[in-house]
Amino acid sequence: LLTRTPFPPQSQAIVIYTGWERHALVGSDVRLSCSFFSWRWTSEDVTFSWSYRPDGSRDSISIFHYTGGAPYVDNKGPFRDRLEFIGNPSRRDGSILIKNVDYNDNGTFTCDAKNPPDIVGRPSSVRLLVFDKLPVQAGVITGAIIGAVLGLLVLIVVIYYLMRFLVARRVFNLSVSKHGKKGKGKEGSQPRQVSLRPTCRYTVACFKTLKHNTPQLNL
Amino acid sequence: MLVLLALIFLLHIATITLLLAATINNGWWVTDTMSTDVWARWVYQNNAWNYTSLPTSYPQDYLQTVQAFTVLACIFSILGLFVFVAQLFTLKKGQRFTFSGIFQFIACLCIMIAASIYTDIFHKNEQGSYGPSFILAWISFALSFISSVVYFVLRKKTA
Chain A
1 LLTRTPFPPQ SQAIVIYTGW ERHALVGSDV RLSCSFFSWR WTSEDVTFSW SYRPDGSRDS
61 ISIFHYTGGA PYVDNKGPFR DRLEFIGNPS RRDGSILIKN VDYNDNGTFT CDAKNPPDIV
121 GRPSSVRLLV FDKLPVQAGV ITGAIIGAVL GLLVLIVVIY YLMRFLVARR VFNLSVSKHG
181 KKGKGKEGSQ PRQVSLRPTC RYTVACFKTL KHNTPQLNL
Chain B
1 MLVLLALIFL LHIATITLLL AATINNGWWV TDTMSTDVWA RWVYQNNAWN YTSLPTSYPQ
61 DYLQTVQAFT VLACIFSILG LFVFVAQLFT LKKGQRFTFS GIFQFIACLC IMIAASIYTD
121 IFHKNEQGSY GPSFILAWIS FALSFISSVV YFVLRKKTA
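Here the protein sequences come in this chain order: A and B. Residue 102 in full-length UniProt numbering sits at position 102 of the first sequence; the count goes up by one each step and never skips. Residue 3 in full-length UniProt numbering sits at position 3 of the second sequence; the count goes up by one each step and never skips.
By construction, these hints were calculated from the structure, which means they are not laboratory data. Just so you know, not all the hints are guaranteed correct.
[Stated by the list, open to error] Reference excerpt, derived from the structure (chain B facing chain A, CB under 7 Å, subset only):
no.	residue
1	Asp61
2	Gln64
3	Gln67
4	Pro132
5	Ile135
[Said to hold, decoys possible] Sample of chain A residues with no beta-carbon within 12 Å of chain B, all distances over it, derived:
no.	residue
6	Val26
7	Val30
8	Ile159
9	Arg170
Source: prediction; values computed, not measured. For each residue, glycine too, the CB sits at the ideal point set by N, CA and C.
Chain B extracted, bound-state conformation:
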């Protein structure tokens, strides 16, 4: 039982870590000389990586929406961790971890919205490929979904 608890906890921590990595690292789209989004752009010039701002041609409203929802996904996932720990101590036996599940589910929705908007709006018809942060964003979508399902199904151990 303790192993199960540790695994579920680890799953949640992994989700948070991947979400933070996807949000903070500017690597949603990469080319040979550039790693960009969602906050700034790294450009390889004169044998050094330079930190530059995103081009103003980006649709500002969509960009800021993606920024907001990635941050919200991180916030809800981290809050969900605290809610889970609190529920571990306060739930009656046999009850489900619905609150933790709700927080993880909202985080899942947020990162899905962010990643979908990004996939649909940005870098169409451009040379390059999706970078590590983009992949992590979708992986953390899957992980947070699994995590929320686990919380909805799990019951507190009856004596």
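Just chain A, with the same shape it has in the complex:
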């Protein structure tokens, strides 16, 4: 008879993901997301823990805990009545929502998640920055100006070659006509007039002209 001894469930490292920084306007709501990666299936005993350390302080306080299938939000600390759990633990999402942020909420929020037996991991932190006016992200205006100018250049080149193509296909008529000037008896001045006008008025006729003037293959 062969007996098998059950292997003890081995703990492997859990990896926790939050953002790096969150920028928010005073008075707005900000979502702090927390997720984790684990080799194990999401256990029923999964826990999420959020703690807060104000800017310039060394102590951190616990503001949120999810365990045994139920969330427990802060009801005494700086975030009482402002914290809401919007995550989905079965989908490994432990995000919280902080409503009506103020300058006092500037600080570091740390998320710690545990997925038994995966309990060895490093908590991840996200920094909250509260602004009265959202600053322009670095490079947004730069990229916009460069993109607009280069796009304009490409557009001009495309239109130029398109017009040349259409003139060659006789969809447009590029005519150079000379006028003589009346009166004063002068013959020297003959201003040239270059005009570009379509040879066909209606779209269907234009397509037929295009088709007629495109070289056809004869078999």
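Could you slot chain B onto chain A? The hints should help.
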């Protein structure tokens, strides 16, 4: 004739080089312990040069405009070089290098806009002096202007 061609080519290359140096090197404004703009700031602390980001007190829209136009000047000048080489082979005899001239002229306008905005907006009433990149930016403005005029005037050699 070949000498003239080589000189014009060299002028264009010099313009591109100076534009790139002005854009990439963070040296538009210098003091004893600092070399700054337009991308980052070098600060001399603890006997070493540290790479730090620009202060947030900078007017972001003007700063990013200067960044955009210096980059655009480089792009147009480099494109102009390729256009010049292409036109060398495709132009009919007696015609002018207008396209190359247009590209160099746009590059000239771009670097002029960038340098003017920088001169007018940043570092007013501050201690320090304008650095090498700033000087190169204005020199490349002059060079690109001369280069574009040369292209507008030059004709392809008639046999």
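Violations among the numbered hints: Violated hints: 4 and 5; rest satisfied.
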